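Participant: Following the hints, position chain B against chain A.
First to last, the protein sequences are chains A and B.
Quick note: the first sequence uses numbering that gives the first Met the number 0, first residue 0, plus one each step.
Quick note: the second sequence uses numbering that gives the first Met the number 0, first residue 0, plus one each step.
If you are wondering where the hints come from, they were derived from the structure by calculation, not from laboratory data.
In this text the structure is predicted, and so the values were computed from the model without any measurement.
A hint or two may mislead.
One copy or two, it doesn't matter: identical chains are merged, so the pair holds either way.
Stated by the list, open to error - Heads up, simulated DSS-like pairs for lysine-lysine below, C-alpha to C-alpha not over 25 Å straight-line:
no., residue 1, residue 2
1, 168, 93
2, 93, 204
3, 150, 139
2 protein chains.
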Amino acid sequence: MRVINSSEILQMEQRFRTTFINSISGFKSLQMVGSINSEGNTNLALFSSIFHVGANPPYLGMVVRPDGNEHETIQNIMFNNAYTLNNVISNRYKEAHQTSARYSAGDSEFAACGFTEEYIDGFAAPFVKESNVKIGLEFKEYLPFLLNKTKIVIGEIKHVLIDEDLIGKDGFVDLNRADSVSSSGLDAYYTTNPLTRLSYAKPGKQVEELNVYREHR
Amino acid sequence: MRVINSSEILQMEQRFRTTFINSISGFKSLQMVGSINSEGNTNLALFSSIFHVGANPPYLGMVVRPDGNEHETIQNIMFNNAYTLNNVISNRYKEAHQTSARYSAGDSEFAACGFTEEYIDGFAAPFVKESNVKIGLEFKEYLPFLLNKTKIVIGEIKHVLIDEDLIGKDGFVDLNRADSVSSSGLDAYYTTNPLTRLSYAKPGKQVEELNVYREHR
Numbered sequence: 000m001r002v003i004n005s006s007e008i009l010q011m012e013q014r015f016r017t018t019f020i021n022s023i024s025g026f027k028s029l030q031m032v033g034s035i036n037s038e039g040n041t042n043l044a045l046f047s048s049i050f051h052v053g054a055n056p057p058y059l060g061m062v063v064r065p066d067g068n069e070h071e072t073i074q075n076i077m078f079n080n081a082y083t084l085n086n087v088i089s090n091r092y093k094e095a096h097q098t099s100a101r102y103s104a105g106d107s108e109f110a111a112c113g114f115t116e117e118y119i120d121g122f123a124a125p126f127v128k129e130s131n132v133k134i135g136l137e138f139k140e141y142l143p144f145l146l147n148k149t150k151i152v153i154g155e156i157k158h159v160l161i162d163e164d165l166i167g168k169d170g171f172v173d174l175n176r177a178d179s180v181s182s183s184g185l186d187a188y189y190t191t192n193p194l195t196r197l198s199y200a201k202p203g204k205q206v207e208e209l210n211v212y213r214e215h216r
Numbered sequence: 000m001r002v003i004n005s006s007e008i009l010q011m012e013q014r015f016r017t018t019f020i021n022s023i024s025g026f027k028s029l030q031m032v033g034s035i036n037s038e039g040n041t042n043l044a045l046f047s048s049i050f051h052v053g054a055n056p057p058y059l060g061m062v063v064r065p066d067g068n069e070h071e072t073i074q075n076i077m078f079n080n081a082y083t084l085n086n087v088i089s090n091r092y093k094e095a096h097q098t099s100a101r102y103s104a105g106d107s108e109f110a111a112c113g114f115t116e117e118y119i120d121g122f123a124a125p126f127v128k129e130s131n132v133k134i135g136l137e138f139k140e141y142l143p144f145l146l147n148k149t150k151i152v153i154g155e156i157k158h159v160l161i162d163e164d165l166i167g168k169d170g171f172v173d174l175n176r177a178d179s180v181s182s183s184g185l186d187a188y189y190t191t192n193p194l195t196r197l198s199y200a201k202p203g204k205q206v207e208e209l210n211v212y213r214e215h216r
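Okay, chain A solo, but in the shape it has when bound (with noise of 0.2 Å):
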């Protein structure tokens, strides 16, 4: 085991420690956010830093970078106050990597990297089509860190497009039955191995392997 402290992280070779500190933290929360500007123009753009806010009202928080590829989507957020989140299934994740590159503001995503636009009533941004657990937001709250120039973007969930069968008894969604692909790092993709679904833990009581998941497979 080795320690690694500040002063040697701050002397590594930059790329070397952007990628070393994006990959440390763990895997990552993986959606491709659709959205669409006041000329029409449809963005799809990769976000790993996605987390769970509250589940009444259904608030959902994702990270952003305002100066760099992302500034596009926060805009387009801003100015119709809707967007989706669309997870990446394991037979497209190359594709949804490809939306990170940098097109111009009139070359959608969606046509450039093999995605296809699904719409639903009454709700201005766009779903992928491909993707089998979708999600439709209004945007809330736009905060900022005192630290860096990296804000958090927050919205409630107003439409969930999803294959019935991957819903559980007791509302689980399956995500590994969905197929869902996890990131880590900057560039590296995962599909999973469910191990189980544990019951609340309490002080003194052994944990149980919770039976509504297998009867769920």
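Facilitator: Then chain B, alone, in the frame of chain A:
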């Protein structure tokens, strides 16, 4: 493909909705957070919303809910500005889940759940001996949401304790090789299968599988 709208989500039975919303947003960045209070009592708690904030300086964020089980961890972080993130390896995921039980303040989850405290000079918070990718952080920022009681804690990475053979030539930390576990929802755990690492995406250029990943394995 079924469309579930906002009014249907709000009418779901409460536990069903909590499980549904918690499991829909993707695989999670699972970490055990180690901390210590003013009396020297240690705490170990499971957090699943860890995210990258910056590489230079190296910052990580995590989502916390101060009115729940996470109150002690937050108090400890505020008290001595130090905390640790420790990966969950697959042969310990049940013990890691058990740390989410509500132990009384004097009972350390380290002892109660079968984990061993590990310290390095000049850093107050305990690491988990059984983990193989561990991060020591200095508390930097506490950020409230306007929408609900959720907050974000941001820390700067000061120490990394890691098996050296998990770090690739380009700095990439191989969490799959580390046998790190991911999670979804509140109680589901997964191991991973690597697909591949992909080259930096450019418009009009086919993405390539990175050799650096193969060399590493």
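Participant: Take the hints in turn and mark each one as holding or not.
Facilitator: Do the hints match the structure? See the list:
1. 168 to 93: between (33 Å within a copy, 23 Å between copies)
2. 93 to 204: between (44 Å within a copy, 12 Å between copies)
3. 150 to 139: both (13 Å within a copy, 16 Å between copies)
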